[in-house]
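Colleague: As a plain string of letters, each chain reads:
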Amino acid sequence: MRCSLFVCLIIGALFSYGAGVDPSNFKTCEQSSFCRRSRKVQSAGSKYALIRGTLNTYSDSLTADLINKENHHQFTLKLEALVGNTFRLQIDEKQPLRPRYRVEHALKGKPETTRISVEESDELTITVGTSKAVIHGDPFRIDFYEHDVHVVSVNAKNWLYFEHLRQKAQTPPEPAEGNDQAQQQQQDQQDNSEEVQPASEPIDDPGAWEENFKSHHDSKPYGPQAVALDFSFPAAEILFGIPEHADSFQLKSTSGTDPYRLYNLDVFEYVVDSKMALYGSVPVLYAHGPKRTAGVYWQNSAESWVDIYTTETNVVSSLVNFVSGSRKSTPPVAHFISESGIVDAFIMLGPQPLDAFKQYAALTGTHELPQSFALAYHQSRWNYNDERDVTSVSAKFDEFNMPMDTMWLDIEYTDGKRYFTWDKFKFPEPLTMIKNLTELGRHLVIIIDPHIKRDNAYFFHQDCTENGYYVKTREGNDYEGWCWPGSASYPDFFNPVVRDYYASQYDLSKFKTVSKDVMIWNDMNEPSVFNGPEVTAPKDLVHYGNWEHRDVHNLYGHMHLMGTFAGLKQRDPEQRPFILTRAHFAGSQRYAAIWTGDNLADWAHLQHSIKMCLTEAVAGFSFCGADVGGFFGNPDSELLERWYQTGAFLPFFRAHAHIDTKRREPWLFPERTRAVIKSALLTRYSYLPLWYTSFYELEQTGAPVIRPLLTHYPADKEAFAIDSQLLVQHRLLVRPVMQQGVSKVDVYFPAIDDKKNGDYWYDVDTFQRQERAGYESIPVTDDKIPVFQRGGSIVPKKERPRRSSKLMLNDPYTLVICLDRQGKAAGTLFLDDEKSYAYRNGESIYVNYEFANNQLTNRFITKPLYKSDAWIERIIIAGLGYVPIDATITAKGISQKLEIEQRSNGAIVVRKPAVKMNVDFALKLNAA
Amino acid sequence: MFFLLIFFVGISFIAYQAFSLNQLPSVQQLRRKHKQMMQSLGSKQLDVDDFDGGGGFGPGKDADLAVPATQGADAIKIIRGIRLFDYDAYKPNYKGNFKCLDGSKEIPFDHLNDNYCDCVSDGSDEPSTNACSNGRFYCKYQKRHITGRGLDVWVWASRVNDHVCDCCDGSDEWTTNANCQNHCA
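Chains as they are written, first to last, in the working numbering: chain P, 1 to 928; chain U, 1001 to 1185.
If we strip away everything but chain P, and leave its shape as in the complex, we get (with noise of 0.2 Å):
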C-alpha cells in the first residue's frame, strides 16, 4: 500500500507538470563533466600522431602504435579487415592502469575478417577488393576510400581525444564531501608504482573526479576516463542515424544545441522535436550522398553523447554555393563522446544504403522469424484489471467481429510488483483464462521487469539476496533503489550465473501459472529508478567482472533480454519467442522487438513514431512500433482512427493506454470510428504474408522491414529527408495521414534517376497508377490514407479475415501483381509453420513469382519441403492495359481455363487459379 502511494505521489507530482517531460531532471552536455571536457577540443584539435616503426601487419589487420604528444601517453591502435567492406577501428591505452571496458554481447558473434594488403610509403595504406584506408601518420588520421572515392574520414577533424586512466593528484582538487573516499581510493593505489602522468588538463574539470547532479553524487573513483572521436563522411549530404531520439529521421545540426545523447533514460512524458536521451541507445549513425552511403557503429555501452556538424541546406547557403560556384561546402561530421571505454568503431563502406545496412547487420544481428502472432494486432492497456476483463475483451473483438490476437497485461497482474506471481484475487485461475485465449487462436504478453521487490518472503528476493546475484554498491552491498515495488534491487545480468538463474524462473515447472504460449514483455529495463540520479541507476553502482555501471549502463536492457530469450527458448525449444522490450542496445534486436516508449495521445507523436521507427530499422531494429493512440492521454476519435491507419503499417502493432486514460477498445467509440478501426485492422491482417515473407528476408539478408525512400532511390535529393513516409521492402509506398482535420496530403514519389523519372505506384484501393516522380496531391477520407504498390512488384496477401492469425495458417493467398514500365512483375512469398523452428531444417515454402510477357510463373528459391493445405485464390494484375478473355493455368501437365473478372483503373482478378502453394506452375493471359 505504500508503495502505490508512493507511485501515486509521484504521477501526481508528475502530472501537475503538465506540459511534459521537465528537461531539467536531465544532464545537459554542460552539466556532464566527460561531455563538456570532450566537446572542448573542438576548439583545439588534438595532437596525435602514429609511432615510427610500431607497425606491425597480419594477414587481416594491422597493429601500431599512438602518442598523444601533448602528454606523451601511448596508445595501441588496430585497423582490422572484415568480409563486407567493413572496417574495424579500435584504440585503447597501451599500458592502462588497470583495464577498459571493452563491450561484449553487442556483437552476434566474432567478426569474420578479411585479407589486406597493405603498402607503405609516406601513408599507410591497406587495401582490401575495392576498398582501401589509408592512414597518415602525423597528425594521425584515417581515410577510407570505397572504388577510390573518399568516403570517411577518422580524426580529420583532429577531435580524437582519449582520457588515459592516472592516479588522483596529490591535492585534492575540492574539498568536498567525496574526500574520504578520494583518500582511500589513494590508498588502495598507493601500491601501485606506475610513474607519475603529467598533469593535464582533464583534472582542471571540477568534474572530473567527482560529480553532482541535483541531489546525486558519483563518487567517480576512477577519474576522467573519456574517449571521443570525430568522422567525417565527404560523399554525404546527410546523417542518419543513432536511435533514439524523439526526432527527425535526418539528424540535425548540434552547433548552438545540446549533441544528441546516447544513455538509456525512463523519460516521463517525452518531448518530440528534441535530442535528448530516450529508453535505447543504438550508436550506429549513416552518413549518405546521392553516390555513397556509409556508416560508423561506435560500440560503446557508457553515456555517449554525438555532437553532429552538417551544412544546414537552406536558400541562403545554396543561394552561396551557386554564387560561389563551390558544389561542395565541409563535409558533415560526427563526433562521438563516451564516458568510458575505448575505441571501437566499425566502418562500413557501403557503397549503397541497403549495403551499408545489411553490412551493419552482419554485425549486430537481426531479430529472427517472429511468429505471425506477434506481427499481427495486440491489444494492450495498464491495466485488464482481471481475468474477466481479459475475457470480455477478447469476446468484444468476437462480437464486432474485429481481427486480435494478443492480449497484454501490465503491471498490476502481479502480487504486489512481485513478478513470477499474479494478484490471487483478480486473476485466481490464470491457466484457464489463457486456455480460453489460446483455443481461439490468441496469445498472452506478460511483463517481466527488472526490478525485484525487497521483500523478505519473495523467493525471487531471497534467491538473489542469498547468492549475492544482485548489483552492488560501492561498498558491495545490494543496491537499493526505488521502482513500482517500492524499495526494489536489480539482478546483475552481467553474470552468467544471474542469467541461468533468471532463466530458470521461466520454466513451467517453476513458472506454473502460465503455459508456453504466453509471451513476455520487459519494461523498466533501463534501468529505471524512480530515485536514482537522472531516474536511473548511479553510475559507480558494480557489476560483475568489477566494472562500473557508467561502463555498461546502456547494455543493462540487452543483458536482461538475454536472459529472458534464454529462458523462454529453454522453456520450450520449439517455439520462436517474442519479446518487447523498452530500452535496447546495439545487438538487442537479436531478441526481442521494441516500441517508442510512454508517448503521448497527440498529432506530433503519431508522426514521430514514423521517424523513430525509421531510424531504428536502419539501425536494426525492424520489429518497431508506436503505442496506438498515445499512452499518455485521450486520443479524439479522429486521432485514434489515423493512428490505427498508420500502426497498421508499421511492424509492431499494439494499441496500449496508462492507467489514468479513459478505457478506448475501439467498441467504445461511434460506429463510424469503429468501422475505420476495423478496416485498418483488416487492412493489416491482410498483409500478414508481406510482413511474414519481409521478415524472413530480414533474418536472411539483413535488409530492414521499413525502410526510408532513400534507401531505393539513393539520388533523389529530395528524398533523402522524408520521413513522413516510409516504405515496406521495395513494394509498399505508405504516406500515413498525420495531420487532423485533412482532406488530401501530399505524397512524394520517388525518382529513379535525374530527369525525374519514377516508378509507377498504384494506388492498392483503387489501382489508379502514378507514372511521375515528385509530390503528388491525393486525395483522403476518413477511412483511406495514400498506400501504393510498386510498379514491378508482387505483394502476396490474405484477404479472408479471421478472429486471429493463427486461424489464417491455411488460408488461401492472393497475389497482387503491379506491373512496372515493361510489364514486369516479381515477388518473393515465405511461409511455414509460423510458430516452430522448423524452418531453420527447410520445412518451408521461399517462393519468387515472376510475370512477364503475359506469364505469371513461380521459381522455388528453397526446396519447398513444408506441407502447407494454402492454395492460391485469386491474382489481381494492375497496369495490364487490355482485358483478357481469360488464362490458362498449366500444372503438373494439366492445363485449366480460369476466368477474368475486372476491377477499377482496368486491374484484373484472374478467378480462382487454385494451385497449391508448393506445385510448379505457369499461368498464361490470353488476349482476345
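Don't read these hints as lab results, they were simulated from the structure.
A quick note: this is a predicted structure, and the numbers were derived from the prediction, not measured.
Just to be clear, a hint being listed does not mean it is correct.
[Unchecked claim] Have a look at the derived ranges for each label pair, beta carbon to beta carbon: (1) U:Thr1176 to P:Asn757: 45 to 55 Å; (2) P:Asn810 to U:Pro1092: 26 to 36 Å; (3) P:Leu431 to U:Tyr1094: 52 to 62 Å; (4) U:Asn1182 to P:Asn810: 22 to 32 Å; (5) U:Val1120 to P:Lys291: 30 to 40 Å; (6) P:Glu574 to U:Tyr1094: 50 to 60 Å; (7) U:Tyr1094 to P:Ala826: 41 to 51 Å; (8) P:Ala928 to U:Val1120: 21 to 31 Å; (9) U:Pro1092 to P:Asp783: 29 to 39 Å; (10) U:His1183 to P:Asp273: 55 to 65 Å.
[Said to hold, decoys possible] With a straight-line Cα cutoff of 30 Å, these simulated DSBU-like cross-link-like pairs (lysine-lysine) come out: (11) P:Lys924 to U:Lys1143; (12) U:Lys1143 to P:Lys916; (13) P:Lys678 to U:Lys1095; (14) P:Lys897 to U:Lys1105; (15) U:Lys1099 to P:Lys897; (16) P:Lys897 to U:Lys1091; (17) P:Lys69 to P:Lys108; (18) U:Lys1105 to P:Lys678; (19) P:Lys396 to U:Lys1105; (20) U:Lys1143 to P:Lys784; (21) P:Lys897 to U:Lys1143; (22) P:Lys426 to P:Lys662.
[As the list claims (entries may be wrong)] Cβ-to-Cβ under 10 Å is the rule here; a few derived chain U residues that face chain P: (23) Ala1131; (24) Asn1134; (25) His1145; (26) Trp1156; (27) Ala1157; (28) Asp1166; (29) Asp1169.
Glycine included, each C-beta is placed from N, C-alpha and C at the ideal position.
Knowing the structure of chain P, use the given hints to seat chain U on it.
Modeller: Relative to chain P, chain U alone:
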C-alpha cells in the same frame, strides 16, 4: 342448469372448431415441411467432408454440397449454412444461374459454394465456406417455433472451419477436426 348447458355446448363447439382447424390442408403442409426440415437438419450430413475447399490443383470437385435429408421420396436438400427462409433462392434460375441474394450479380450455378467469393457485396454465394469476408453461416441447429418464427442462429463466415467451434452444434466446423461438442440444449 340452463347456463350450465349453454356452457357445455359452447365448449363442445370450440373443441370441434379447433379440431377442424387442424384438418386444414395448409396447416398440414406446414407441419410436414417443418418436420422434414427438422429431420434434414438433424441428419448426418453426407459426402461433404471430402470437398476439397478449392485447394489442390484442378477444378474444385463439384462436390455435392447439398445435403440429402432423408432418403425418402419427399426428401428435401438443404445447403449447409443457408437460412431456411432463403431455401428457394438457392436453386438455379431459369438461366441455370445463381443470383446473389442482394440481386447484385448473377453467377453460374457451379460457382455456388466453390470456395471463391463471387457475391462480394453480400457473400451469399458461399453459404457453406469462409470465402466471403462478410458472409454468414447459419448453424444447423436453429431454435425455432413450429411456425418458423425465431431469431436466426448464425456466425460470421470467417468462423467457418477455423478450428474453433462457434455454433452450439459445431456445424461450422465441417472440414476441420475440431471435435466440437454439441451443447445446444
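Colleague: Confirm or reject each hint.
Modeller: Hints and how they fare:
1. Separated by about 51 Å at the C-beta atoms, U:Thr1176 and P:Asn757 satisfy the suggested range of 45 to 55 Å.
2. Between P:Asn810 and U:Pro1092 the C-beta distance comes to about 31 Å, which sits within the given range of 26 to 36 Å.
3. The supplied range of 52 to 62 Å is met by P:Leu431 and U:Tyr1094, whose beta-carbon atoms lie about 59 Å from each other.
4. Distance hint check: the CB atoms of U:Asn1182 and P:Asn810 are about 25 Å apart, consistent with the given range 22 to 32 Å.
5. One distance hint, 30 to 40 Å for the beta-carbon pair U:Val1120 and P:Lys291, is violated here, with the actual separation near 49 Å.
6. The beta-carbon spacing between P:Glu574 and U:Tyr1094, approximately 58 Å, falls within the hinted interval of 50 to 60 Å.
7. Between U:Tyr1094 and P:Ala826 the Cβ separation comes to about 47 Å, which falls inside the hinted range of 41 to 51 Å.
8. Checked against the hint of 21 to 31 Å, the pair P:Ala928 and U:Val1120 passes, with Cβ atoms roughly 25 Å apart.
9. A hinted range of 29 to 39 Å for the beta carbons of U:Pro1092 and P:Asp783 is consistent with their spacing of about 37 Å.
10. Judged by the Cβ atoms, the range 55 to 65 Å given for U:His1183 and P:Asp273 holds: they are separated by roughly 58 Å.
11. Between P:Lys924 and U:Lys1143 the CA atoms are separated by roughly 50 Å; this puts the pair beyond 30 Å, and the hint is violated.
12. For the suggested pair U:Lys1143 and P:Lys916, the alpha carbons sit about 40 Å apart, so the restraint of at most 30 Å is broken.
13. About 38 Å separates the Cα atoms of P:Lys678 and U:Lys1095, which puts this hinted pair outside 30 Å; it is violated.
14. Under the criterion of a C-alpha separation no larger than 30 Å, the hint pairing P:Lys897 with U:Lys1105 is consistent with the structure, at around 22 Å.
15. For the given pair, U:Lys1099 sits about 23 Å from P:Lys897 by alpha-carbon distance, which is consistent with the 30 Å threshold.
16. In summary, the hint linking P:Lys897 to U:Lys1091 is supported, as the alpha carbons are separated by about 26 Å, within the 30 Å threshold.
17. Distance check on the hinted pair: P:Lys69 and P:Lys108 sit about 37 Å apart at the alpha-carbon level, beyond 30 Å; violated.
18. Distance check on the hinted pair: U:Lys1105 and P:Lys678 sit about 26 Å apart at the alpha-carbon level, within 30 Å; holds.
19. Of the supplied pair hints, the one linking P:Lys396 and U:Lys1105 is violated, its CA atoms being roughly 33 Å apart against a limit of 30 Å.
20. Only pairs whose Cα atoms come within 30 Å are accepted, and U:Lys1143 paired with P:Lys784 is rejected, the gap being roughly 41 Å.
21. For a cut-off of 30 Å, the pair hint linking P:Lys897 to U:Lys1143 is broken: about 44 Å separates their Cα positions.
22. The suggested pairing of P:Lys426 with P:Lys662 holds, with an alpha-carbon distance near 20 Å, which does not exceed 30 Å.
23. Annotation: U:Ala1131 was flagged as interfacial toward chain P, and the flag holds, the nearest CB pair being 7 Å apart, inside 10 Å.
24. Nearest Cβ of chain P to the Cβ of U:Asn1134: about 9 Å, under the 10 Å cut. The hint holds.
25. The interface hint given for U:His1145 is violated, since its Cβ lies 26 Å from the closest Cβ of chain P, which is over the 10 Å cut-off.
26. A hinted interface residue such as U:Trp1156 counts as satisfied when its beta carbon comes closer than 10 Å to some beta carbon of chain P; here the least separation is about 5 Å, so the hint holds.
27. Using the Cβ-Cβ criterion of 10 Å, the hint placing U:Ala1157 at the interface with chain P is satisfied: the shortest such distance is roughly 9 Å.
28. With a cut of 10 Å, the hint placing U:Asp1166 at the interface with chain P holds, because the nearest CB-to-CB distance is about 9 Å.
29. For U:Asp1169, the interface hint is violated, since its Cβ never comes within 10 Å of a Cβ in chain P; the closest pair sits about 18 Å apart.
When held up to the earlier numbered hints, the structure conflicts with 5, 11, 12, 13, 17, 19, 20, 21, 25, 29 and fits the remainder.
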